[in-house]
Amino acid sequence: MARDSTARKLDETPALRGAKRPGFGGGRPPPPVRPNIPFASNLWLAVLMLLGAEAMFFAGLIGAFLVFRIANPVWPPPFQPRLPIEVTGVNTVILLASAITIRLGLKAIQRGDRSRLVRLLSWTAAAGAVFLSIQGFEWFRLLHFGLTLSSSIYGGLFYTIIGCHAVHVFGALIWLLVVWQRARTGTYTRQNYVGLQTCSMYWVFVVALWPLLYGLVYLY
Amino acid sequence: MTKKIISLSLVFGLSMLVRSSASWACAVCWGGDTGPTADAYNSSVLFLMTAPYAVMGSIAAWLFYTYRRSAATREKSEGVEPLVHLTWNPEESGR
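First to last, the sequence lines map onto chains L and X.
The first sequence begins at 23 in our numbering and counts up one residue at a time.
The second sequence begins at -5 in our numbering and counts up one residue at a time.
Careful, some of the hints might be misleading.
[To be verified] A partial selection of chain L residues facing chain X, derived with a Cβ cut-off under 10 Å: (1) 67; (2) 70; (3) 73; (4) 78; (5) 89; (6) 93; (7) 119; (8) 121.
Rather than coming from a laboratory, the hints here were simulated on the basis of the structure.
Note that beta-carbon positions come from the ideal geometry of N, C-alpha and C, so glycine has one too.
All chains, full assembly: derive it from the sequences and hints.
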């Protein structure tokens, strides 16, 4: 109330009565008001931070592996079974293909093609399941040959590093199956697909990590 | 009080000098600074030193890339004029 009266007084000041009123923006039409949409969602940022933490976790494991690997010129140690390089190489290709399919799925929903998204997510989940099955089968064989968690530092490192990655792939696969089910029910649209996007980020992370671990543990 | 803290710190520091082997920072450095074990630790330490920079750099680069792409997409889709027109323009205002 007091503010209104003050404004009226200022408006009726004799000095300003004959003055030209200021104009704003000239003759141009005002620009359209843009909604304040953030460039990234909170979930996207949270998953990005999670990936940073996961990367540091695996960096710690790789650091431990480097200590034992470089300190031992003979690697694998004598009387220890050799790791299946060829089969795991094929498995690596399967896992890398799954990263391509999930990225294509993301592109499909950006175009609004929901059926293609569901199909590509199925392929991704199948590739992840095949990867885990082959890994599990090879693990059983290695256990049968005597490579256990406590048999040597070689076995301990192998099962810790590769096992941690397998647990991450398993978790990512469960997440992927949830996303697949949501995609089937039509949750994701051309405008809203952040759940799929974050799952894709996590999946690509675990896939991109694998060639590094394969090169270190199996080939180095 | 300050004198007490300083004298206690001096006693602690001198005792560390006397029993230097017990106060080594790394409990596995008994092997010396050469040899495969030392090389292994050096390589691992170097790797772990670079890891946080690589991770934080990747996150920052990803954020920057996403921001640039988002801004470019928005400008293209809306065809919006720059926000500078919202400011008061003395030439166009007629004052």
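To see whether the hints hold, each was checked on the structure:
{"no.": "1", "hint": "67", "in the structure": "8 Å, holds"}
{"no.": "2", "hint": "70", "in the structure": "6 Å, holds"}
{"no.": "3", "hint": "73", "in the structure": "8 Å, holds"}
{"no.": "4", "hint": "78", "in the structure": "6 Å, holds"}
{"no.": "5", "hint": "89", "in the structure": "5 Å, holds"}
{"no.": "6", "hint": "93", "in the structure": "4 Å, holds"}
{"no.": "7", "hint": "119", "in the structure": "23 Å, violated"}
{"no.": "8", "hint": "121", "in the structure": "16 Å, violated"}
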